Amino acid sequence: MNGKKWIKIVLVLSFLGVGFIGGVNYIIDPYGYNNLIKISNINNFKYSNTSMTARYKSNILIKGKFNGIMLGTSRIGVMDPTIVDNYIHANTYNLEYPGSNTEIQNKLFKYAIKFNDVKYLIYGIDFMSFNKNRIIKKDFQEFYDLQSKIENFERISNFELYFNLNIFVTSGKLVIKNILGLQKNEAIYLSENGMRDYRNHIEELKNGNLKLDENINNSIKGYFKPDGIYKNYKFSDHFLNYFKDTLSYCENNNIKVYVYIPPMYSEHFDAIFKAGYFDEFEFFKKELVKITDFIDFTGHNYISVDKVNYWDSSHLRRELTPIIMAKIFNDKSVKVPSDFGVLVTKENIAEHLENLKTQIKNYDLEKTLSENQN
Amino acid sequence: MLFNSYEFIFAFLPITFLIYFYLNNKKLTIASKGFLVFASLFFYSWWNILYLPIILSSMLFNYSIGNSLNKSEQNKRVHKKQLLTIGIVGNLALLGYFKYTDFFIENFNLATSSNVELLNLALPLAISFFTFQQIAYLVDSYRGETKEYDFLNYAVFVTFFPQLIAGPIVHHKEMMPQFASSRNMVKNYKNIALGLFIFSIGLFKKVVIADTFAVWATAGFDTATTLNLFEAWATSLSYTFQLYFDFSGYTDMAIGLALLFNIKLPINFNSPYKATDIQDFWRRWHITLSRFLRDYVYIPLGGNKKGEYRTYNNLLATFIIGGIWHGAGWTFVFWGFLHGVALMIHRAWSRLGFKLWTWLAWLITFNFVNIAWVFFRAKEWDDAVKVLTGMLGLSGINLPNPVAGKLAFLNQFGIEFGGWVSSIDADGGKFLVPWLFVAFILVLVFKNTMQKRDDFKLNYKTAFLTAIVLICGILSLNKVSEFLYFNF
Numbered sequence: 008m009n010g011k012k013w014i015k016i017v018l019v020l021s022f023l024g025v026g027f028i029g030g031v032n033y034i035i036d037p038y039g040y041n042n043l044i045k046i047s048n049i050n051n052f053k054y055s056n057t058s059m060t061a062r063y064k065s066n067i068l069i070k071g072k073f074n075g076i077m078l079g080t081s082r083i084g085v086m087d088p089t090i091v092d093n094y095i096h097a098n099t100y101n102l103e104y105p106g107s108n109t110e111i112q113n114k115l116f117k118y119a120i121k122f123n124d125v126k127y128l129i130y131g132i133d134f135m136s137f138n139k140n141r142i143i144k145k146d147f148q149e150f151y152d153l154q155s156k157i158e159n160f161e162r163i164s165n166f167e168l169y170f171n172l173n174i175f176v177t178s179g180k181l182v183i184k185n186i187l188g189l190q191k192n193e194a195i196y197l198s199e200n201g202m203r204d205y206r207n208h209i210e211e212l213k214n215g216n217l218k219l220d221e222n223i224n225n226s227i228k229g230y231f232k233p234d235g236i237y238k239n240y241k242f243s244d245h246f247l248n249y250f251k252d253t254l255s256y257c258e259n260n261n262i263k264v265y266v267y268i269p270p271m272y273s274e275h276f277d278a279i280f281k282a283g284y285f286d287e288f289e290f291f292k293k294e295l296v297k298i299t300d301f302i303d304f305t306g307h308n309y310i311s312v313d314k315v316n317y318w319d320s321s322h323l324r325r326e327l328t329p330i331i332m333a334k335i336f337n338d339k340s341v342k343v344p345s346d347f348g349v350l351v352t353k354e355n356i357a358e359h360l361e362n363l364k365t366q367i368k369n370y371d372l373e374k375t376l377s378e379n380q381n
Numbered sequence: 009m010l011f012n013s014y015e016f017i018f019a020f021l022p023i024t025f026l027i028y029f030y031l032n033n034k035k036l037t038i039a040s041k042g043f044l045v046f047a048s049l050f051f052y053s054w055w056n057i058l059y060l061p062i063i064l065s066s067m068l069f070n071y072s073i074g075n076s077l078n079k080s081e082q083n084k085r086v087h088k089k090q091l092l093t094i095g096i097v098g099n100l101a102l103l104g105y106f107k108y109t110d111f112f113i114e115n116f117n118l119a120t121s122s123n124v125e126l127l128n129l130a131l132p133l134a135i136s137f138f139t140f141q142q143i144a145y146l147v148d149s150y151r152g153e154t155k156e157y158d159f160l161n162y163a164v165f166v167t168f169f170p171q172l173i174a175g176p177i178v179h180h181k182e183m184m185p186q187f188a189s190s191r192n193m194v195k196n197y198k199n200i201a202l203g204l205f206i207f208s209i210g211l212f213k214k215v216v217i218a219d220t221f222a223v224w225a226t227a228g229f230d231t232a233t234t235l236n237l238f239e240a241w242a243t244s245l246s247y248t249f250q251l252y253f254d255f256s257g258y259t260d261m262a263i264g265l266a267l268l269f270n271i272k273l274p275i276n277f278n279s280p281y282k283a284t285d286i287q288d289f290w291r292r293w294h295i296t297l298s299r300f301l302r303d304y305v306y307i308p309l310g311g312n313k314k315g316e317y318r319t320y321n322n323l324l325a326t327f328i329i330g331g332i333w334h335g336a337g338w339t340f341v342f343w344g345f346l347h348g349v350a351l352m353i354h355r356a357w358s359r360l361g362f363k364l365w366t367w368l369a370w371l372i373t374f375n376f377v378n379i380a381w382v383f384f385r386a387k388e389w390d391d392a393v394k395v396l397t398g399m400l401g402l403s404g405i406n407l408p409n410p411v412a413g414k415l416a417f418l419n420q421f422g423i424e425f426g427g428w429v430s431s432i433d434a435d436g437g438k439f440l441v442p443w444l445f446v447a448f449i450l451v452l453v454f455k456n457t458m459q460k461r462d463d464f465k466l467n468y469k470t471a472f473l474t475a476i477v478l479i480c481g482i483l484s485l486n487k488v489s490e491f492l493y494f495n496f
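If you read the sequences in order, they're chains Z and F. For the first sequence, my numbering begins at 8 and goes up steadily by one. For the second sequence, my numbering begins at 9 and goes up steadily by one.
Just so you know, not all the hints are guaranteed correct.
[To be verified] Each pair of labels, with its calculated beta carbon distance range: (1) F:Ile94 - Z:Lys121: 34 to 42 Å; (2) F:Lys181 - Z:Asn173: 28 to 36 Å; (3) F:Leu118 - Z:Lys241: 24 to 32 Å; (4) Z:Lys297 - F:Thr231: 36 to 44 Å; (5) F:Phe417 - Z:Glu210: 25 to 33 Å; (6) Z:Val19 - F:Ala412: 48 to 56 Å; (7) F:Leu126 - Z:Arg162: 48 to 56 Å; (8) Z:Lys218 - F:Lys414: 55 to 63 Å.
[Said to hold, decoys possible] Here are some, though not all, of the chain F residues that point toward chain Z, as calculated from beta-carbon distances under 10 Å: (9) Gln90; (10) Leu102; (11) Tyr105; (12) Lys465; (13) Tyr468; (14) Thr470; (15) Ala475; (16) Leu478.
In case anyone wonders, no lab produced these hints; they're calculated from the structure. None of the values given here were measured: they were computed from a predicted structure. Just so it is clear, CB atoms sit at the ideal spot from N, CA and C, and this is done for glycine as well.
Chain F extracted, bound-state conformation (with noise of 0.2 Å):
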């Protein structure tokens, strides 16, 4: 089930949210437990039932393994060491199955030339993000830092349908007292306001901006053979546009949804566009899941203790690890690279004491960002060559009609005028350009979600502004389309 959709917003949630808190009411706290993973287990079934039994192995695994991590006694390391590898194995064994199988067997294909039949898995929905949190809970049981909870507060914790599918990646530490606290099972009018602003900004954010950018970013990537220099960076920018609303109002619909039911879910997203460096762009892009990498990645691997080559390459082995984390495909491992060597160069010049002006910093970081993102999107090496090719202008460069007469000149440097964006829209970039022009406005000027959730006050303004947000959110739905997280 969508959070952008009918049955969602007008059938699931409103008979979750009154079940949970009558049961509540009534003090059958277990019972309301039980009834939210019911909830969480049949919003996660709705796409498809025979995903259901491989959650809830996975569930039972963790947990038990978790529970002996936590029952064994500190002077039995050698035995927790050896739990926490079956545990940390058994996850990633059964991410691997249905993630990387096939192209390990393309790839086992191609280097032997072999033909091996591929197992064409459907990849079941959110393993990455369950698998991730799941590990997390292991390590932190290794360590001592979670406490023994029984298995239904635990189905809580990895279920919890707001941010089951795709996050926020959430630690069992951050979770279970909240889950706990006899407060936050008594309806909180205040939380369910706030969460009724950021999940209506979230919708928003969604259906009306993301929806719209796909559709340029689709033809460019997908449909379009060539692209002309515009057509390219439209094209792209399409796409680093759409894939910020809509994970970030992905990520603002966990929030608010959450806040209904009084959990807090950790931040995700800081205005990652604004950033200066590519550093500071981790520090803003998909939080947890930098969390995640920069703590049971990095450091395990020994952060920058271990000298200046070491953390070279311990950066380089995380995003690496981290881009084929989001698909299994050479593309995404080139993402990574990418930005691991962005954070590469990044270290050795702040280490050097170099200073860029901010706007050149801001320019730079952005639009390796946005190169980058070209990897990530494309299907096919094919599809980013052209995307790229056609940025560097070595596939035509076009000019809009109505500057003809003016620029008639340019013709002989082989600058041609009409079609400038004729492959991905047909309405000749009437639409397509002031919705650039508006979404730069939104990433660099505006306050992010994260930052109106702290200035949010209960006055006429903010019920005016969300129901706005909410009435164009809700009469968008009908182009109904998933997140583009759903995928990883």
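Chain Z extracted, bound-state conformation (with noise of 0.2 Å):
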């Protein structure tokens, strides 16, 4: 065979594969990033788009249509920012980021801003994201993968997306899973507003066979497991200067600013107090108050001890949006449990954190890790 004859073949064959995996890439579409074909039992269930959220949500806030950035982690994911809309007059986004620190937190308002013109931040603030040995960049691979691009403001293309052989793995695994009957639905954003929705759970709930008590179990395993979201927990001032830099920053634009802390669910908070990070929770919030004024949801209350308020220990269902955002938009016209929610300030902090000490329950937190380890 002569040269010229060789590399043709080659580059007509890599221009075929690369083209192929391209396109069945863009067809399958495992994480529902286009939505365009869907063919049943092909492609009609996907994988969740929230493994792959700044990529995702990047797209959308890239658009400039929202006045209002809804910022956190999962926690507030769940909540409907059409409520929001209806206090601040203005269009909302979900910004969730999932497990996220205040530092990925940062970048990606920053981002927001940058495109939209925003003029309200509706932050919840957790425990989980100030968590100094929980940095192992794995778990925010995705979002490490595209920082500088983040970082730089830049548009982040879809062309990597799909001429992509992982996801190649993915949409052959998908397709798979959909012709044995395998693949569900699974948590998704909303396209519009970001919102995650739960609609696999929706679903077990509709069917009868919503495991509850299992989802929390696992839950709390993910956060409490000696490699889990708590790991060794220490507050980091690291973390912290990240949060501060995101509330001067509205301050020096002009930015109304609302800061509250989701509620866990109340054996969530137990365990946090048996796994001895009680300590490190307190200060989290003393800190927090030196810098802001906030609403506390954590504790047991009205809504935090019902676990039918929940998907599992982290995760209020949407219904709830309501008496949250009533609670911090001081809305009385909604009814809101009087225990749900306390306005914590400098001056209150100290009595807030002793009242909260009196309701901690004792919770067997050594069962639940060693349930069904692997």
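Hey, can you piece these two chains together into the complex? The hints should help.
Put into structure tokens, the structure is as follows:
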């Protein structure tokens, strides 16, 4: 064979191979990125797009349609932005990044600001976002892969999403699971406002097979196991500085800020004490109040002790959005349980923490952690 | 611009290739060389155009000195020596200023408890490589081993984009005749095919293999607070494989790209992890750097011609210099020191006539290299200590949960179950372990790229294989990362 023919074969094969894989990825669209082609029993059930949050949400944010941003971890992801819209008379986007630290939140928020005329920030801040020992980049690999583009306010191309070997493998797996009927609904972000839609749990609830206790226990395990989200919890000044930076940025740019700590399920709260992290938990709030007043929904209260308000130990159901927002926006027309949410200020922080301490109940964390450990 | 980027593969490379050969085809050879220099400088400036004046002034300085050395008559040896000294000092001053000033200030502050402010200079890309290459050129000129060429030719020699950023470090005398040859100005499809073949392998090594190991190595070195026995070994091995596949992948790509332009770059890697002693390792690892250190440091220091004691000293000094060339830090110095000491021990051992079984010799060599890389990779001493402590089992031993039933009795010896690689891999080693296994096979059993190059034949089999690795490479460009040697 001569060199010219050899080169032609290689180039043609490469072109066809790359084109084929790109085409398959585009059509199968395993993460529901374009949702253009749905083929029954092939790709109608997709994987969750919550594993590619930065890519997915940045592509919506650059359209510049939003004046309000809801920021935080997945605990705020379940909050419905349309409720917030009614209070601020603006178009709100839910900029949840699951499990994120404040550095990620800060960078995504600034990316959002770059393309949108943001006037309001509703910031749900979490204890987990300040853990110094939870900096393993693998947890947020998707974000760090795109970090430089986010920091430079670049448009994130979908090109690399389709011309991608890993996505091709994922496409193949999804097709097989669809053919075999194994792929079910998964939680997804809604394209219009970024809210997390737990359609999997909603379907389970409808069909009577929601395993709520199991979800709660698994969720608690995810936080408290040795390599979990609270791994060797140590409060981080580095992450605190990012939080400060976000707030001072808002102050300098006339962005009105509302800060709150979302309500975790009461057993999760008790487990924090049991795991020995309660001092850090209190320290987190003491540091927070030095910067801003906030509404604290944690502890034992009318909402948090009732597991039917949750999907697991962290995530409230969408239906709770009105009373959370009514408390945040001080809307007296909505009936909010009197023990649900405390406005914490420098003046009442000591009393508030003392009160929370009295609410702690004994929780058998060891038992939860040892169940079906693998 | 990275070799492993869309803009390089789909825009820069095809445009440069087509214009270069179009100009040559029209017999505009000077214009084609000029274009190649322009393209290479554009490639270099893509990162930061502020670096451009540095490389241009370095080239002008060295060209002037080299030219003067070439023009000096034999009987003016003193004058030539002065010129050479000025040239070398000039190069080292430039390198020292950008690369070592802060290191010097830090140590000065530490030694004298003073507080001199750091300069925080950004290291100009490729400065270590183009400085060494040009020092070699000056010494060769001094020795009368270079011919005189005009500045354009010299500029091609220094800036030729396939080897500009991280080598191979080339000699003037092995490159200039190639650039001057009229035969090399005509498209050669055999060379293009071979270049494509080698480039594709290099791309695959970098983006598919090295970048996969990079995740585990980074997690272990930079983010984990402690590492148990398996985590520590997986971390060090991940880096050992990452570095090899990253740097040899880069070199393969450089060699392949140069072949597209009918230029043959020297071999830089020859299956280094197959080495059965440390001298053997250095004959296989970063060969052009070893060659530079031998010819321009070790031999000028006296090599092995001034007695046993001086030989040992020269070996140690050469490798400490090699260590500090890689980076301004005590961990690099210590890495060089370790290799220097290992070479001294090897020399003594060989002279005493001792021999080892091949498998044991390989095991010792590989483990020494693997452990020494820990210092090379660690950003701080503490990181190195963390990994080494883990490798010794002093930070705990964890086994996978599935063996807990059968090996539960090990609990009494402090061995725990579960989380055995959790600090570096969230998947519990599901991919990490097979990847380590595959990497061992690749470096120990398979032929290396240069052996594949020598066996290369134009047939359907190589065409299909090249297309497959090229497709895999292109489809893995989404996780673009810099080459490790860009930092040195």
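Outcome of the hint check:
{"no.": "1", "hint": "F:Ile94 - Z:Lys121: 34 to 42 Å", "verdict": "51 Å, violated"}
{"no.": "2", "hint": "F:Lys181 - Z:Asn173: 28 to 36 Å", "verdict": "46 Å, violated"}
{"no.": "3", "hint": "F:Leu118 - Z:Lys241: 24 to 32 Å", "verdict": "28 Å, holds"}
{"no.": "4", "hint": "Z:Lys297 - F:Thr231: 36 to 44 Å", "verdict": "28 Å, violated"}
{"no.": "5", "hint": "F:Phe417 - Z:Glu210: 25 to 33 Å", "verdict": "46 Å, violated"}
{"no.": "6", "hint": "Z:Val19 - F:Ala412: 48 to 56 Å", "verdict": "53 Å, holds"}
{"no.": "7", "hint": "F:Leu126 - Z:Arg162: 48 to 56 Å", "verdict": "36 Å, violated"}
{"no.": "8", "hint": "Z:Lys218 - F:Lys414: 55 to 63 Å", "verdict": "31 Å, violated"}
{"no.": "9", "hint": "Gln90", "verdict": "47 Å, violated"}
{"no.": "10", "hint": "Leu102", "verdict": "29 Å, violated"}
{"no.": "11", "hint": "Tyr105", "verdict": "28 Å, violated"}
{"no.": "12", "hint": "Lys465", "verdict": "9 Å, holds"}
{"no.": "13", "hint": "Tyr468", "verdict": "7 Å, holds"}
{"no.": "14", "hint": "Thr470", "verdict": "7 Å, holds"}
{"no.": "15", "hint": "Ala475", "verdict": "4 Å, holds"}
{"no.": "16", "hint": "Leu478", "verdict": "5 Å, holds"}
When the structure is compared with the earlier hints, violations turn up for hints 1, 2, 4, 5, 7, 8, 9, 10, 11 and for no others.
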